[in-house]
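With the sequences and hints as input, model every part of the structure.
Keeping their order, the protein sequence lines are chains H and G. With the numbering used here applied, the first sequence has no gaps in its numbers, which climb one by one up to 376 at the end. With the numbering used here applied, the second sequence has no gaps in its numbers, which climb one by one up to 286 at the end.
Simulated DEER-style distance windows between Cβ atoms:
hint, chain 1, residue 1, chain 2, residue 2, range
1, G, 247, H, 215, 37 to 43 Å
2, G, 171, H, 186, 44 to 50 Å
3, H, 230, G, 119, 49 to 55 Å
4, H, 182, G, 183, 42 to 48 Å
5, G, 109, H, 230, 34 to 40 Å
6, G, 223, H, 186, 52 to 58 Å
7, H, 335, G, 48, 39 to 45 Å
8, H, 349, G, 247, 26 to 32 Å
9, G, 113, H, 186, 28 to 34 Å
10, H, 349, G, 184, 18 to 24 Å
11, H, 287, G, 113, 26 to 32 Å
Covered by chain G, according to a simulated footprint, are these stretches of chain H (three or more residues, beta-carbon under 8 Å):
hint, stretch
12, 240-250
13, 260-268
By construction, these hints were calculated from the structure, which means they are not laboratory data. What you are looking at is a predicted structure, and each value in this text was computed from that prediction instead of being measured. Just so you know, even glycine gets a beta-carbon here, dropped at the ideal spot from N, CA and C.
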Amino acid sequence: MSDKKRVLIVDDHQMFLDGLKLVLKKHKNVEIVGEALNGARALEMVKYLKPEYVIIDINMPGINGIETTEAIKKLLPECKVIALTMVDDFVSVNQMLKAGANAFILKNTGADELLKAMAMVDKDELYLSADISEIIMKGIYSFGQLKANKLKREPEPELLTPREKEIVVLVAQGLTNIEIADKLFLSPATVKTHRKNILSKLNMNNTASLVRYAMENDLGTVN
Amino acid sequence: MEIIKQWIWQIILSVVLIIFILVRYRLFLLHKRQKHQLYIIVSTQEQERQRLAKDLHDDLGTSLSTLRLYIAAMSDLISTQNEDLKQIHGNALQILDTSIRNMREHLFQLNPKIVEEHGLPSAINNYMFKMSRFNKLKFNLHDSHFPEYVSPEIKINIYRIMQELVNNTIKYAEAKSISIQLMYRDKQVIFIYEDDGKGFDNEKIKGGYGLKNISTRVEMLGGTICLDTKPGYGNNVMIEIPSSNKKNHVR
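Here you go:
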């Protein structure tokens, strides 16, 4: 066995595969053992070629890169998967990492970065290209906050939007839907929908609890 | 004589009734045709966007990223002495990177794939997250038990409406925060959008392209839209769409 890094490359575009082969070829410690144009073919090749690394795209017809990665990790857990893709939204990055990818690189890259990533994942470290780590950091923060809001048992006044708070205040003052609609230049139907939404958001089923809520949360003034 | 008079009256009455029914029927057909035309316009637009996204990704995207591989590989071939060539190479790489980044943005705006793959609440979250990254906006999404069985047609249209509203807010409103609520109640999808920007005069802007596009989509889905804004008072939009909508054939 040589000490070359055995790599399988997967992308649904031959042009890109050819490019990858060409630029990786000049690096003596890398050997491209196979190439696949789709996820199903990639899985077959993983089975009999047992590569050490798979460089894989996400957006592919049929089984996409995320599903393929999951399957590769089941077939050959020690194989390192490097996502190389144009997709950079938080949800896809997150899912790809959950599927077990060891690195995530955006497609505006060169061979140097790929080699760097391979060296990193060899040490069992996660490699993310610069843009991606920023997306992850900020994404975890804002998505985490959303989740935290949902988990809180006590509904916070921030749960209500300014418009809804106004409506709660007016309801607490004893105004009817029509009067509220008049005051806020809305249609009564809109006020009615708002009221229903507020109740369902706060987990309440009647006006009395809404009035209590307004008092407890000090929603006394309209600005 | 009396009988003839009665007859004439009956005939007149019948004729009036028939004319009335015919007019109503014509109006009904006209309305139906208009609705169908709206439907065709919106769904053609949607298909075009998705086709464009696919072409961008497959053709231009692949070419640019392959080109990026080659140009990056050239750096080893350029001798360190040749400053001019090094600079040209560096500039080329920079332009290429900007092009790829821009193309990715276009793809993101055009492609609603994420709605199908990860659901509407995740897709909205993701969009808002990305837009707020560049625009220093706070955002908040409240979705309570939004069911996935709502038709793809409704989901994609709400996603498009949300995009339009967020883009308007960023372009014109000078808002600090956006709040979106997505709910499902009594077989109705309820979508509420609020920003705390400077608002606008609804009467003056009624014909605006973005708003027209939004109301076209809502009308096509048989829903209602309530626009509640005035200068200095943010923008509040409430949309209700019946979800037991049977005509889910085209997207």
